[in-house]
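With the hints as extra help, turn the sequences into a complete structure.
Read in order, the letters of the sequence shown are residues 160 to 235 in the numbering used here.
It should be emphasised that the hints constitute simulated quantities derived from the structure, not laboratory data. We put the CB at the ideal spot given by N, CA and C, even for glycine.
Quick list of the computed label-pair ranges, beta carbon to beta carbon: (1) Arg229 with Gly207: 31 to 37 Å; (2) Phe217 with Val188: 15 to 21 Å; (3) Asn208 with Val174: 24 to 30 Å; (4) Val179 with Asn205: 20 to 26 Å; (5) Gly207 with Val174: 27 to 33 Å; (6) Leu201 with Leu175: 23 to 29 Å.
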Amino acid sequence: MPQVLPHYISYSLYVLEINVRASVVLGFVGAGGVGLILNQQLNFFNYGNVSLIIIMTFVVVTLIDMVSIRLRERIV
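What follows is the structure, given as structure tokens:
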């Protein structure tokens, strides 16, 4: 188990990161969630809100990546 743990954590956080990105894309095409809000704000020409949604999505994905790196460094 100790040999697999860093890879398991890394993979789990990678899947979480992919799911965050996919939720934005799926919502943008009408499946709900953050992407739906993004699409609505674009339709209302609320570019301030659009930029905030994009920046926050980027921040969340970056934080997940940073946590993944820190955990892998700590475990290995």
